[in-house]
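There are 2 protein chains.
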Amino acid sequence: MRKKLIGQSCRLFFSEDPVKIVRARGQYLYDENGTRYLDCISNVQHVGHCHPAVTKAAAAQMELLNTNSRFLHDNIVHYADRLSASLPDKLCVFYFVNSGSEANDLALRLARQYSQHEDVIVLEHAYHGHLTSLIDISPYKFRKLGGQKEWVHVAPLPDTYRGRYQEDHVDPAQGYADTVKDLIEEVHKKGRKISAFFAESLPSVGGQIILPSGYCQKVAECCQSLTPAKLYVHAAGGVFVADEVQTGFGRVGSHFWGFQLQGEDFCPDIVTMGKPMGNGHPLACVATTQEIAGAFTANGVEYFNTFGGNPVSCAIGLAVLDVLEEENLQGNAYKVGGYLKDLLRGLKAKHAIIGDVRGAGLFVGMELVTDRKERTPATEAAAELVRRLKNEQICISTDGPGENVVKFKPPMCFSAADAELVAEKIDHILTETSCPRQLNGMQTPGLGDNCCS
Amino acid sequence: MRKKLIGQSCRLFFSEDPVKIVRARGQYLYDENGTRYLDCISNVQHVGHCHPAVTKAAAAQMELLNTNSRFLHDNIVHYADRLSASLPDKLCVFYFVNSGSEANDLALRLARQYSQHEDVIVLEHAYHGHLTSLIDISPYKFRKLGGQKEWVHVAPLPDTYRGRYQEDHVDPAQGYADTVKDLIEEVHKKGRKISAFFAESLPSVGGQIILPSGYCQKVAECCQSLTPAKLYVHAAGGVFVADEVQTGFGRVGSHFWGFQLQGEDFCPDIVTMGKPMGNGHPLACVATTQEIAGAFTANGVEYFNTFGGNPVSCAIGLAVLDVLEEENLQGNAYKVGGYLKDLLRGLKAKHAIIGDVRGAGLFVGMELVTDRKERTPATEAAAELVRRLKNEQICISTDGPGENVVKFKPPMCFSAADAELVAEKIDHILTETSCPRQLNGMQTPGLGDNCCS
Numbered sequence: 001m002r003k004k005l006i007g008q009s010c011r012l013f014f015s016e017d018p019v020k021i022v023r024a025r026g027q028y029l030y031d032e033n034g035t036r037y038l039d040c041i042s043n044v045q046h047v048g049h050c051h052p053a054v055t056k057a058a059a060a061q062m063e064l065l066n067t068n069s070r071f072l073h074d075n076i077v078h079y080a081d082r083l084s085a086s087l088p089d090k091l092c093v094f095y096f097v098n099s100g101s102e103a104n105d106l107a108l109r110l111a112r113q114y115s116q117h118e119d120v121i122v123l124e125h126a127y128h129g130h131l132t133s134l135i136d137i138s139p140y141k142f143r144k145l146g147g148q149k150e151w152v153h154v155a156p157l158p159d160t161y162r163g164r165y166q167e168d169h170v171d172p173a174q175g176y177a178d179t180v181k182d183l184i185e186e187v188h189k190k191g192r193k194i195s196a197f198f199a200e201s202l203p204s205v206g207g208q209i210i211l212p213s214g215y216c217q218k219v220a221e222c223c224q225s226l227t228p229a230k231l232y233v234h235a236a237g238g239v240f241v242a243d244e245v246q247t248g249f250g251r252v253g254s255h256f257w258g259f260q261l262q263g264e265d266f267c268p269d270i271v272t273m274g275k276p277m278g279n280g281h282p283l284a285c286v287a288t289t290q291e292i293a294g295a296f297t298a299n300g301v302e303y304f305n306t307f308g309g310n311p312v313s314c315a316i317g318l319a320v321l322d323v324l325e326e327e328n329l330q331g332n333a334y335k336v337g338g339y340l341k342d343l344l345r346g347l348k349a350k351h352a353i354i355g356d357v358r359g360a361g362l363f364v365g366m367e368l369v370t371d372r373k374e375r376t377p378a379t380e381a382a383a384e385l386v387r388r389l390k391n392e393q394i395c396i397s398t399d400g401p402g403e404n405v406v407k408f409k410p411p412m413c414f415s416a417a418d419a420e421l422v423a424e425k426i427d428h429i430l431t432e433t434s435c436p437r438q439l440n441g442m443q444t445p446g447l448g449d450n451c452c453s
Numbered sequence: 001m002r003k004k005l006i007g008q009s010c011r012l013f014f015s016e017d018p019v020k021i022v023r024a025r026g027q028y029l030y031d032e033n034g035t036r037y038l039d040c041i042s043n044v045q046h047v048g049h050c051h052p053a054v055t056k057a058a059a060a061q062m063e064l065l066n067t068n069s070r071f072l073h074d075n076i077v078h079y080a081d082r083l084s085a086s087l088p089d090k091l092c093v094f095y096f097v098n099s100g101s102e103a104n105d106l107a108l109r110l111a112r113q114y115s116q117h118e119d120v121i122v123l124e125h126a127y128h129g130h131l132t133s134l135i136d137i138s139p140y141k142f143r144k145l146g147g148q149k150e151w152v153h154v155a156p157l158p159d160t161y162r163g164r165y166q167e168d169h170v171d172p173a174q175g176y177a178d179t180v181k182d183l184i185e186e187v188h189k190k191g192r193k194i195s196a197f198f199a200e201s202l203p204s205v206g207g208q209i210i211l212p213s214g215y216c217q218k219v220a221e222c223c224q225s226l227t228p229a230k231l232y233v234h235a236a237g238g239v240f241v242a243d244e245v246q247t248g249f250g251r252v253g254s255h256f257w258g259f260q261l262q263g264e265d266f267c268p269d270i271v272t273m274g275k276p277m278g279n280g281h282p283l284a285c286v287a288t289t290q291e292i293a294g295a296f297t298a299n300g301v302e303y304f305n306t307f308g309g310n311p312v313s314c315a316i317g318l319a320v321l322d323v324l325e326e327e328n329l330q331g332n333a334y335k336v337g338g339y340l341k342d343l344l345r346g347l348k349a350k351h352a353i354i355g356d357v358r359g360a361g362l363f364v365g366m367e368l369v370t371d372r373k374e375r376t377p378a379t380e381a382a383a384e385l386v387r388r389l390k391n392e393q394i395c396i397s398t399d400g401p402g403e404n405v406v407k408f409k410p411p412m413c414f415s416a417a418d419a420e421l422v423a424e425k426i427d428h429i430l431t432e433t434s435c436p437r438q439l440n441g442m443q444t445p446g447l448g449d450n451c452c453s
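Residue numbers (our numbering), protein chains in the order written: chain A, 1 to 453; chain B, 1 to 453.
In case anyone wonders, no lab produced these hints; they're calculated from the structure. Keep in mind that the hints are not guaranteed to be accurate.
Since the list gives no way to pick one copy over another, a pair counts as held whenever it fits inside one copy or between any two copies.
[Unchecked claim] Below, in silico cross-link-like pairs of lysine to any residue (SDA-like), each with a Cα-Cα straight-line distance of 25 Å or less:
#, residue 1, residue 2
1, K193, T297
2, K425, S84
3, K149, A383
4, K90, L5
5, K56, V22
6, K3, D74
7, K3, E291
8, K149, Q113
9, K149, T132
10, K190, E150
11, K350, R375
12, K144, E118
13, K373, A417
14, K20, D74
15, K350, Y339
16, K189, S415
17, K390, G338
18, K149, R23
Start from the sequences, fold in the hints, and give me the full structure.
Encoded structure:
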């Protein structure tokens, strides 16, 4: 039925042997035979699958009222107020929508209306959503589809493991910021103008990348001492859009928002949020400044989103915030995420195939390479590891341009025992599949990727 | 708080004196003081506000599982199967999304991928959604914003009351279809090619318009005897997209889909659906043919919609279909909608300000004019009528380019007594506000619009 009725572009996990999940709780999925899987990837089910407090809030509000935001209602303003408290003061105006894609599309409209410019700078490999406008600004998609629009400009991904400036560079934040500066100069030479710089606070599809600290400030703000003010995004009239669709709501552990990893001196002009907001309910949001919202209002045209900000969506959003606080899940992400990273770094000391382990809180990437010097992506090995982990009842997947970054973004209730289990299974699989010949006392790459080469 | 926290582009109903609704049931809204309003406009709450069967299905599924469509699940295929049964055989592939806007954007992507053409024909005054791509194809929006893109072509709205071919025309369906043919010829002369003709099956923002029967066939199919085949949309390589976001799911009474009013010999290539699907839950869908879906799959790029088609959304969609059937709400729309139209036509015989009453099922428009010959929109009178009806605890609003079409699209449980109440209140208000001087024994226009002119 699935093959017949659902567009084949909608792909299944483990497409050769897909899983039929019938119930879930916390960080665990159960298939039709009752087999339990540890879920390392469902960042949408943020406070845990089927959290009873969220279900209760949803059902109670559904029984009472669900209408649109053209009527006054307490939930929408209380929810906006709660979100506002988590953000820097200047991000104080909210638009509620139904998906991260709708949020990013609205961010694009806001940026263009405010700046009166058209062009957008994005990072290489970025993915900002499935809509026409967002495929245009997602190199991850447009490189496979229609090609690059003349108003889109792609800056290098500030990846300090694999990018042009690596961990041995004296100042990768400055180096990568300068690539944006150079790009803006090129754009200006063409007589074009920048409306926005879009970036995920931690690029996900790009390979679970941690942006070098200070990069966003340097991109967003005039860095007077080094270059003329007018060359950076703000001074060029554009706005900084932080895409927090995958990274917000405490996932990074040390902070509530991913962009806060850049330091207290950085504040984007627009923040988009989505996946974790409603714990699975279609709920997303754009936060911006009074100035940008004011420019959007000044065009005189209504923005109406049928389901956006309805009382049920907002009740669910509020319940998610309550659970996050009551169960200190941000603290758990900090603690368990750090422990998971330590465990994986322990494995890196043992298995040469693990080239890098990076992350913040429960946003972690483990990059597999066939050799550490060249950092050649171990694509097939990563796929094989995912398949074998599935056989061990662990749901996990890969990301990155080489599809060689094993990614962890589990529900925020992921425990230390879960981290130990997954690390132990990875250790076991890598040991079992590594080559018998050892290099420098370490297990060498196996799992089908140029074994012993 | 609302003014401070929520973008001002998100407007309120009755903005000068907005209503705070705190609960609702069936076709009734209740404000914070317990005052009951009859709801004539919430087409989203299709089977009635807070229907217990829908709430129950949602809560049960939320307790069990809510994950994404990359896992196999029964709900998504059962729901697609149920929708399939309501559609012509060729519309047999489904994509689930979160809003009518997401559906229309995906329809645009499908049409372009399939046809390999870029251009789109839309109807004057059309509104297809709030996304960047949809504002581009919505004259209702782009005429107020950035202007018309070179790939967008606007055909006259087939409005037989106010348009270029009216009820006295020998064959308005043919007349309006010929305007599309002429437009396609112009487009081809520019060396451009059509990917899609987009139209709501009953244009809503355009003024609750009933398309002349046969228009869609003539637009969509080659009309060999009259013009060369290549001039119509299909033969030009484009596809026919029926936007059923406001009109589907039995609202038109005689049929389940609005496009079916055109006759059994018409079938669109793509149908988009949204507002009523989830009774308020963010749920929408694109249905298309195997050929079009196949072309989309053939580009080799995944389409992933995070929340689209999740088990909870589909459980809610299935519950809405069950209620529609069990309570025979399509039959109710047919009966009560017909009765409402009769009552309003009765008022038309009495009040000269009512220029036209039209509709299908519970999709009804009453057009107010300052004089019947010129058909001048009675804009201010319509606004005043809406305000006065609000004081009588009736929620209603206007549409149409002249904002003079009072629109009815209530929850489908709207009763004969509700129809009588609203007709009686309208009669009373129009009588009370009409000019003392009568013309031909009829009350003349009042309510502030060129009274007695």
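* First find the shortest C-alpha distance between K149 and A383 inside one copy, then the shortest across copies, and answer within, between, both or neither for a cut-off of 25 Å. => Neither. Shortest intra-copy (32 Å) and inter-copy (44 Å) distances fail the 25 Å Cα cut-off.
* How do K149 and R23 come out at 25 Å by Cα distance, when the copy is not named: within, between, both, or neither? -> neither (43 Å within a copy, 47 Å between copies)
* **Alpha-carbon proximity context of K90 and L5, limit 25 Å** => between (47 Å within a copy, 12 Å between copies)
* Please work out whether the CA atoms of K190 and E150 approach to 25 Å or closer within one copy, between two copies, in both situations, or in neither? => both (10 Å within a copy, 22 Å between copies)
* For K350 vs R375, is the C-alpha pair at or below 25 Å within one copy, between two copies, both, or neither? -> within (17 Å within a copy, 83 Å between copies)
* State whether the alpha carbon distance between K144 and E118 is at most 25 Å within one copy, between copies, both, or neither. => both (23 Å within a copy, 18 Å between copies)
* **Within, between, both or neither, where K149 and T132 count as close if Cα-Cα is 25 Å or less** => Classified as both: same-chain Cα gap 12 Å, cross-chain 15 Å, threshold 25 Å.
* **Identical-chain pair category, K20 with D74, by Cα at 25 Å** => between (39 Å within a copy, 9 Å between copies)
* Within, between, both or neither: K425, S84 at alpha-carbon 25 Å -> Cα proximity of K425 and S84: none, with 41 Å in one copy and 44 Å across.
* **Intra- versus inter-copy proximity for Q113 and K149 (alpha-carbon distance at most 25 Å)** => This pair counts as both: shortest intra-copy Cα distance 19 Å, inter-copy 17 Å.
* Asked: When no copy is named, should K3 and E291 be tagged within, between, both, or neither for a Cα gap of at most 25 Å?
  -> Cα proximity of K3 and E291: across copies only (14 Å, versus 48 Å in one copy).
* To do: With 25 Å as the alpha-carbon cut-off, assign the pair K373 and A417 to within, between, both or neither.
  => Neither: 33 Å inside a chain and 80 Å across chains, both beyond 25 Å.
Hint violations for this structure: numbers 2, 3, 13, 16, 18, all remaining hints satisfied.
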